[in-house]
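Q: Spelled out from the first residue to the last, the chains are:
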Amino acid sequence: MAFDLIVFVVLLACGFAFGRYAENRHYRSIIQREEELRGIPAIAIRFPPIMTPRPETALVSGSVVIAEDYFKRFLFGLRSLVGGRVRSYETLVDRGRREAIIRMKQQTVDLGGSMVFNIKLETAAIASGRKGRIGAIEIHAYGTAIIPTDRAHL
Amino acid sequence: MLLSNLEIVPGRQIKTHLGLVQGSSVRTKHIGRDFMAGLKNIFGGELKGYTELLRESRDEALERMQAQAESVGANAVINIRFSTSSIAQGAAELFAYGTAVVLE
Chain A
5 MAFDLIVFVV LLACGFAFGR YAENRHYRSI IQREEELRGI PAIAIRFPPI MTPRPETALV
65 SGSVVIAEDY FKRFLFGLRS LVGGRVRSYE TLVDRGRREA IIRMKQQTVD LGGSMVFNIK
125 LETAAIASGR KGRIGAIEIH AYGTAIIPTD RAHL
Chain B
86 MLLSNLEIVP GRQIKTHLGL VQGSSVRTKH IGRDFMAGLK NIFGGELKGY TELLRESRDE
146 ALERMQAQAE SVGANAVINI RFSTSSIAQG AAELFAYGTA VVLE
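One line per chain: the protein sequences are A and B, in this order. The numbers in the numbering used here rise by one with no breaks, and the one at position 80 of the first sequence is 84. The numbers in the numbering used here rise by one with no breaks, and the one at position 44 of the second sequence is 129.
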């Protein structure tokens, strides 16, 4: 009983310390890369405007699987007693979504594209966070990159 | 083969519609990856192994869709959509579908 409690406290402390550290580091990296990729607009418009000369298009996508930590799960457990917003999971999904969009934009840059149209975001819980199971979500962002054939015209 | 999730292809005319084409892939992780993921679940963060696994299977689903499109004589697939579902504990199905067309 006492041993169980010690294990629980240690896991909680690990989750809190490492989870918070990882989250802060991830947010810093996200903000920096978002700044770098600001020149690539990604929009949810179904029909791109008519462009001359005719641009090339390519399917681009980015995805990430992100796991919850022990502390977040504990907070969720507490929150589910009273209901309401689960902030600890909101930041998790937010990070995943922004990361997926960054990866999609990065692929666009690698292909020489200038913008992304019709972006779709998809979230899937690839495993449930029940006891002894892995709680993780996958976020997939995809869209069509417009690759100008003659940069002088854009 | 041109792949796009737009409903049109900028500057190109669609000559023939060939209907829906699809591809899917069901994959599960191996135990080593699962063990590492279990550790990660305490500390949080990205599960790189899973990201890789799902990307591979999504690419495979796309390839199968392309193969189907080629077999019906299409030169492009437009309006592509993806969907993911976990069909069993630890296994996921990645599904890609779209409309096969012949472009001018």
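Don't read these hints as lab results, they were simulated from the structure. Glycine is no exception: its CB is placed at the ideal position from the N, C-alpha and C atoms. It is possible that part of the hints are untrue.
Derived list of chain A stretches under chain B, where covered just means 3 residues or more per stretch with a C-beta under 8 Å from a C-beta of chain B [said to hold, decoys possible]:
(1) 16-22
(2) 85-91
(3) 139-151
Q: Each hint should be assessed against the structure and marked as holding or not.
A: Now for the hints, and whether the structure bears them out:
1. 16-22: This one holds; 3 residues, not fewer than the three required, reach chain B with a Cβ under 8 Å.
2. 85-91: violated (count 0)
3. 139-151: holds (count 8)
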